Amino acid sequence: MTPPAVLALRRMYAMVLRHLYLFRKSWIRVLEMAYWPTMQMVLWGFIAKFLATNSSWVAQVPGLLVSALLLWEVLFRGQLGVALSFFEELYARNLGHLFVSPLRPLELVASMIAVSFFRTAIGVGAAIALAVALYRYSIFDLGVPLVTFFANLLVCGWAIGLMVAALVMRYGLAAENFAWGAIFVAAPVSGIYYPISVLPDWLQAVAWCLPTSHVFEGMRAVLLERTFLWREFWTAVGLNVLYVAAGIALFLAAFNGARRRGMLLQIGE
Amino acid sequence: MSPAIEVRDLVKRFGRVEAVRGISFTVARGSTCALLGGNGAGKTTTLSMLLGVLLPSAGSVRVLGEDIGRHRYRVLGRMNFTSPYVDLPKKLTVEENLRMFARLYGVRDMKRRIAALAAELDLADILARAYGTLSAGMRTRVSVAKALLNEPELILLDEPTASLDPDVGDRVRAQLLDYRRRTGATMLLASHNMPEVERMCDAVLMMRAGRIVDSGAPAELIARYGRSTMEEVFLDVARRPEPAGATAPGGLREDDE
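Chains X and G supply the protein sequences, listed in that same order.
Each residue of the first sequence is one higher than the last, beginning at 589 in the numbering used here.
Each residue of the second sequence is one higher than the last, beginning at 68 in the numbering used here.
If you are wondering where the hints come from, they were derived from the structure by calculation, not from laboratory data.
It should be emphasised that the depicted structure is a prediction, and the values quoted were computed from it without experimental measurement.
For glycine and all other residues, C-beta sits at the position ideal for the given N, C-alpha and C.
Check before you lean on any hint, since a few could be wrong.
Covered stretches of chain G, as calculated for chain X (at least 3 residues, CB under 8 Å) [claimed, not checked]: (1) 114-127; (2) 131-144; (3) 170-181.
Isolated chain G (complex conformation):
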């Protein structure tokens, strides 16, 4: 079976600025992979190209076995996305929003699916409330519900627990992990929350200045850098001098898993 995500020599230029510089990686089906890096490292640009809403300058992206550039609409119904930077219509109730997206994704037995998600994500009491009246935590749970509506094989999560208190953040993470366990779905998340990455992810891709500068399982990276947490590894990578060429300190090339 093909990997869930297969990226080869991906480049994105905005005028003279090269935001993503020839990255290659794969994400195995059923795994949870984190895309880490400081602000401007190229994470959101990479996610946008995986979703097909941003055209690459060079390279290729295959998602769930399909070339996203050519056959985007074959896979969009099998994946989903959530980000705190993209909103839902605020005047519509939570249920109206979920119904709209259920129809867009062709969800069968919409009522049952929405009821199930409402129970799982503790949304039952707010289904009739306008999305715009909800707290940040509630909105995030609704966005996660929207991302799970079509029971996606692949979920792209851009900072899924940003602005959440530890309790709500923990519950959202538990729901996502439970979903993965039940369905075998693949997740790729961009996050600045290192404990979240340690808890949820099997693999990590570390980006810096548009390149993947290191990769591996969280435990491997922690051991390789001689640190005790991913937060310390992140700081080591972010603060070290620019690496020469494309070879990462651990001896991995950019396209090594």
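Looking at chain X on its own, in the form it has when it is part of the complex:
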């Protein structure tokens, strides 16, 4: 008899494979994943190049803005990857079949996260490569700390993606646009391109509640001061644990709510 854990892994693999089948035969989808991160990077790369000769702060480290942009894309693509994996099932009207199969909601969540990882790697990978080609800047110069920045931002993106998926499960595809816009609420207070200290005091208090602000502060410390701020890292990890727990709880609550309201076989517009 096959152990339950193996069966669970097979089910998650089935869901990941379903998306890989889709990517394999649709080059336009793969291109779309890389399109925006690359466009953003090209635009901000040239802005940074200009500012490097006209701004003393940016001039200190040429890669500051490009690093910030690429890390922001990790967050955005991570979130979008989870939300879009869920939307694919809605567009296909396939959720009914999935939810009457042995696939558990948490297994679906795990598979959406795995697919998000692939999507992010493709999208941000292309932009990273182009940054090297155009500006001779490699984000890998950040060294080992880069792994912690990537991981924290990706996890935060997954948490927000799960919240968006929960919202769509509750309100249908009418809430779909949140997938594209939700993350931008966090952008001004995450200190992507500027230190948190430039924000008004009351907004700084809000900013420190986000894992992202700790990651970008940490990134600046590495680039400007060659220091890895362990405190910022651990605070981001702690906040991410809370955010992911909230994302999963919301997704499960939306699933149970849909079961009460009879929406699982007919979620859509």
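Starting from the known structure of chain X, arrange chain G on it as the hints suggest.
Frame of chain X, contents of chain G only:
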């Protein structure tokens, strides 16, 4: 052995609307039972509760001996479902779709199972085609193949031959009957196709306004209503005045088989 389906005092309310009003019934293992009724009678709501994708407001549902509310995942792998209102991913080929669901259902020897179903349901020529490019008839056959992938003990079929031409419809029915004969599986189908019900079903539950208003074998019902087809019985039930209380005209109570 417990019945394949055992429903007791099942109620579903959506706000003030009571879609299912305290129904009770059992479906014996190995039988094929039809859930009949006009639009809005409560058939799909009942099927959804049997699948565990809709939580009842009251009452209990036991499927293959398990309480579906508490132990849903113990039975989902032993049953399957098909409906024209739920689709499969259109960009994936037929084979990719079947592989995905074979993995979800933990099917052993996936390749052989898919090949066997492709032969039985005449899918071999379309395995490499994208599901979205198929005709309605082909899609239905693929959905039936998906529903048979895990060799289920219980299959819930929501209008299994809707939108099919008589030839394809007849072939799908023959496949389902053949599957039942070979495996002893139980089937519950919601259908508006009365000849299909007469051909396939051992028992019929007639629903109206959220209640089961009559039940019995097709031949029994036809004799009881003094009609010659199930279609005429269906029209009699659908058009007669609302029955008082829960007693059906034939003297059966709601929970009588």
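Here is how each hint holds up against the structure:
1. 114-127: With 6 residues closer than 8 Å to chain X, the stretch 114-127 of chain G meets the three-residue bar; holds.
2. 131-144: Contact hint for the stretch 131-144 of chain G vs chain X: holds, 3 residues under 8 Å.
3. 170-181: holds (count 4)
Hint violations for this structure: none, all hints satisfied.
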